[in-house]
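These protein sequence lines are chains A and B, in that order.
Take the first sequence: its letters are residues 2 to 369, numbered as in my numbering.
Take the second sequence: its letters are residues 958 to 1203, numbered as in my numbering.
Simulated from the structure, these hints should not be mistaken for lab results.
Mixed in with the good hints there might be a few duds.
Here are the simulated distance ranges between beta carbons [claimed, not checked]:
{"id": "1", "chain 1": "B", "residue 1": "Asp1152", "chain 2": "A", "residue 2": "Pro214", "range": "36 to 44 Å"}
{"id": "2", "chain 1": "A", "residue 1": "Lys279", "chain 2": "B", "residue 2": "Gly1121", "range": "19 to 27 Å"}
{"id": "3", "chain 1": "B", "residue 1": "Ser980", "chain 2": "A", "residue 2": "Leu346", "range": "53 to 61 Å"}
{"id": "4", "chain 1": "B", "residue 1": "Gly1121", "chain 2": "A", "residue 2": "Leu346", "range": "54 to 62 Å"}
Once the Cα atoms are required to be at most 25 Å apart in a straight line, the calculated SDA-like pairs of lysine to any residue come out as [unchecked claim]:
{"id": "5", "chain 1": "A", "residue 1": "Lys12", "chain 2": "B", "residue 2": "Leu1092"}
{"id": "6", "chain 1": "B", "residue 1": "Lys1062", "chain 2": "A", "residue 2": "Trp199"}
{"id": "7", "chain 1": "B", "residue 1": "Lys1097", "chain 2": "A", "residue 2": "Val15"}
{"id": "8", "chain 1": "A", "residue 1": "Lys68", "chain 2": "A", "residue 2": "Phe244"}
{"id": "9", "chain 1": "B", "residue 1": "Lys1033", "chain 2": "A", "residue 2": "Lys68"}
{"id": "10", "chain 1": "B", "residue 1": "Lys1041", "chain 2": "A", "residue 2": "Lys68"}
{"id": "11", "chain 1": "B", "residue 1": "Lys1062", "chain 2": "A", "residue 2": "Lys68"}
{"id": "12", "chain 1": "B", "residue 1": "Lys1034", "chain 2": "A", "residue 2": "Arg5"}
{"id": "13", "chain 1": "B", "residue 1": "Lys1034", "chain 2": "A", "residue 2": "Val215"}
{"id": "14", "chain 1": "B", "residue 1": "Lys1033", "chain 2": "A", "residue 2": "Pro211"}
{"id": "15", "chain 1": "A", "residue 1": "Lys364", "chain 2": "B", "residue 2": "Glu1064"}
{"id": "16", "chain 1": "B", "residue 1": "Lys1033", "chain 2": "A", "residue 2": "Phe244"}
{"id": "17", "chain 1": "B", "residue 1": "Lys1034", "chain 2": "A", "residue 2": "Gly202"}
{"id": "18", "chain 1": "B", "residue 1": "Lys1097", "chain 2": "A", "residue 2": "Lys365"}
{"id": "19", "chain 1": "A", "residue 1": "Lys362", "chain 2": "B", "residue 2": "Leu1010"}
{"id": "20", "chain 1": "B", "residue 1": "Lys1067", "chain 2": "A", "residue 2": "Met288"}
{"id": "21", "chain 1": "A", "residue 1": "Lys12", "chain 2": "B", "residue 2": "Lys1132"}
{"id": "22", "chain 1": "A", "residue 1": "Lys365", "chain 2": "B", "residue 2": "Lys1033"}
{"id": "23", "chain 1": "A", "residue 1": "Lys12", "chain 2": "B", "residue 2": "Met1063"}
{"id": "24", "chain 1": "B", "residue 1": "Lys1033", "chain 2": "A", "residue 2": "Trp199"}
{"id": "25", "chain 1": "B", "residue 1": "Lys1097", "chain 2": "A", "residue 2": "Met204"}
{"id": "26", "chain 1": "A", "residue 1": "Lys365", "chain 2": "B", "residue 2": "Ala1125"}
Glycine residues also receive a C-beta, built at the ideal position from the N, C-alpha and C atoms.
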Amino acid sequence: MRLRSVWAVAKKEVFHIVRDPFTLALAMGMPVIMVIFFGYAIEFNMKQISLAVFDSSKSQSSRQLQKTFVSSSYFQSLAVLSPAEAIQALDEGRAHAALLIPPAYAENLRPRSESSVQILIDGADNSSAGSILGYLGGIQQKVLSAEFGPYSEPITVQTRFLFNSELNSRWFVVPGLSAAIIAILSILLTALTVAREWENGSMELLLSTPVRPVEIILGKLLPYSVMGLVAVFFVFIMSQIVFAVPFRGNFLVYLLACLIFLSTYLAQGLLISVVTRKQQLSMQMAMLSGLLPTILLSGFIFPVEHMPRFFYYLTMILPARWFISLSRDLFLKGASLQNILPGFLALCALFVLMMVLATRKFKKDVEP
Amino acid sequence: MSAVQVKNLSVQFGDFFAVKDLSFSVEKGEVFGFLGANGAGKTTTIRVLCGLLLPSAGQASVCGLDVLSDAFEVKKKVGYMSQKFTLYDDLTVKENLDFTSALRKMEPEKFREQKEKLLKMIRFKSSEDILVRDLPGGIKQQVSLVAAVLHDPEIVFLDEPTAGVSPAFRQRFWKLIGGLAAEGKTVFVTTHYMDEAEQCGRIALMKSGELIALDSPQELKRNSFPDREPQEVSLEDVFIEQVEGG
Ligand SMILES: Nc1ncnc2c1ncn2[C@@H]1O[C@H](COP(=O)(O)OP(=O)(O)OP(=O)(O)O)[C@@H](O)[C@H]1O
Ligand SMILES: [Mg+2]
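Chain A on its own, in the form it takes in the complex (with noise of 0.2 Å):
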């Protein structure tokens, strides 16, 4: 192998890139539409709920507890002066939930006794309504810490192995985020690459040099590997510096991680183009085997806990289920590589699988 052919025909696939407006919008755009629409996006309609309350218990308690509503930043407090405005302010979609605090409410907050409030949720916006019902376990814990001190050992243990406590949902998609735009950059564009020297007849001319099959693949596959790279660092800078999600597992590992997922999708965009030869054909294909199960049954949008069997089951042979699930552990949960081990050896066996697969394919067809 001579790295000067893989170089020049790096190069050259560079060159297509930056001249192509289409791949150029698609690598430069995407990771920035994709970041902007499920990190900012949704994190917007989250901050956004307005919540109409009702004190009719005016006093400390029930000014402490409106007060952690508020300081969460996921409510906004609209305060309103009966039970019946506030069914109003929610029925106009002024408010999207509703806190009715009774009267009793500071007198029965103490140890054995039960205090409790009412929450009005608007179950139409069932995204949101989820959201909310998340927040209140959350919120609860604050409350019950601020009213009786922080003496409840017990409970700030578990805040810590809730990795999310507040159901924040930027938290649960960012670190998926870099899976999603890897499907795109490295499946499809590779698909498409390699599949337009077949199609336009180039494939043969190189052949007729003296270049070994692997210079041209490897030469081929670099520019998508460096981009797919380059998103993988913005989309985490993103989210440490803009979406603040925290990250607390090595990052040697998750780096480790995102290499191989992105070497197995590359190889998989390969066996997709050297299969079909044919740029439309590649490209839905790339879309149905790529980047459609890594949106929807990866569990980067919809939990693959909640899937029905036969998903659940399936989603196994995807390498961006796995992908997905180790960076969520190594952002929220700083899990060590011991932790994510069964997940990271499923990635290394789709890996190992794509890639022989892809190369002996490759292999096959190129030698006379």
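Mind docking chain B with the ligands on chain A? Use the hints.
Coordinates of chain B with the ligands only, in the frame set by chain A:
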């Protein structure tokens, strides 16, 4: 030693013979024309000779190297201008030639010399930084020829190099072919134009994968129409008589 030697070569795609029991040889320095109707098996034969396709039966050697066992070495010695693809349209002339030289593993010094010499030969006047898609068709074919012979191969295979090019450019292109032959290179060329075939040293006529005639243009005319003066016969007539008639 012949530049190309083909013996009982067959190429089969499923049950279909694209090339059947083909035997011929091409001498060094010859301009060898390879003629035949569409689908006669010209491109298939060239692909075998360039080490891109394995024959189903028979032998073929190029520059004394067997294409079956020595495909990689063969690729170093031949230049190939394919029928389907010539240059990357979205790359400049310079980028295309740089790319070829890297794939051909040329020394920078040799590359510079060759490029200068060949671009002069085709009288290339535009900037090397022009995108190939902005070149006129005829010029593009000539630059493509430069790319094919950049590494100074002993033999060059040109598969319909003048398809879709204006008559003036076709004439110029054949001057270049003559120049390459004068340098001692073997030129193996396919064409559908009879006036071009006229300029070959020898012509092989293919029909449905089989060789039906092989001789110099003069001899072909004499043999096909023994009772007429060769000057009065055109290759067109020979072609019609041999390929479409008989
Ligand atoms: N990979 C392949 N699989 C199946 N059939 C093929 C393949 N390549 C070529 N053929 C068939 O073999 C025959 C010869 O094709 P070839 O390309 O060699 O013809 P040609 O003489 O170059 O024709 P043209 O003048 O159109 O270029 C054609 O009928 C073609 O359809
Ligand atoms: Mg042909």
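Hint by hint, here is what the structure shows:
no., hint, result
1, B:Asp1152 <-> A:Pro214: 36 to 44 Å, "holds (40 Å)"
2, A:Lys279 <-> B:Gly1121: 19 to 27 Å, "holds (24 Å)"
3, B:Ser980 <-> A:Leu346: 53 to 61 Å, "holds (58 Å)"
4, B:Gly1121 <-> A:Leu346: 54 to 62 Å, "holds (56 Å)"
5, A:Lys12 <-> B:Leu1092, "holds (22 Å)"
6, B:Lys1062 <-> A:Trp199, "holds (23 Å)"
7, B:Lys1097 <-> A:Val15, "holds (22 Å)"
8, A:Lys68 <-> A:Phe244, "holds (23 Å)"
9, B:Lys1033 <-> A:Lys68, "violated (78 Å)"
10, B:Lys1041 <-> A:Lys68, "violated (73 Å)"
11, B:Lys1062 <-> A:Lys68, "violated (72 Å)"
12, B:Lys1034 <-> A:Arg5, "holds (20 Å)"
13, B:Lys1034 <-> A:Val215, "holds (21 Å)"
14, B:Lys1033 <-> A:Pro211, "holds (6 Å)"
15, A:Lys364 <-> B:Glu1064, "violated (28 Å)"
16, B:Lys1033 <-> A:Phe244, "violated (55 Å)"
17, B:Lys1034 <-> A:Gly202, "holds (21 Å)"
18, B:Lys1097 <-> A:Lys365, "violated (33 Å)"
19, A:Lys362 <-> B:Leu1010, "holds (16 Å)"
20, B:Lys1067 <-> A:Met288, "violated (46 Å)"
21, A:Lys12 <-> B:Lys1132, "violated (34 Å)"
22, A:Lys365 <-> B:Lys1033, "holds (21 Å)"
23, A:Lys12 <-> B:Met1063, "holds (17 Å)"
24, B:Lys1033 <-> A:Trp199, "holds (22 Å)"
25, B:Lys1097 <-> A:Met204, "holds (19 Å)"
26, A:Lys365 <-> B:Ala1125, "violated (43 Å)"
Checked against the numbered hints above, the structure violates hints 9, 10, 11, 15, 16, 18, 20, 21, 26; every other hint is satisfied.
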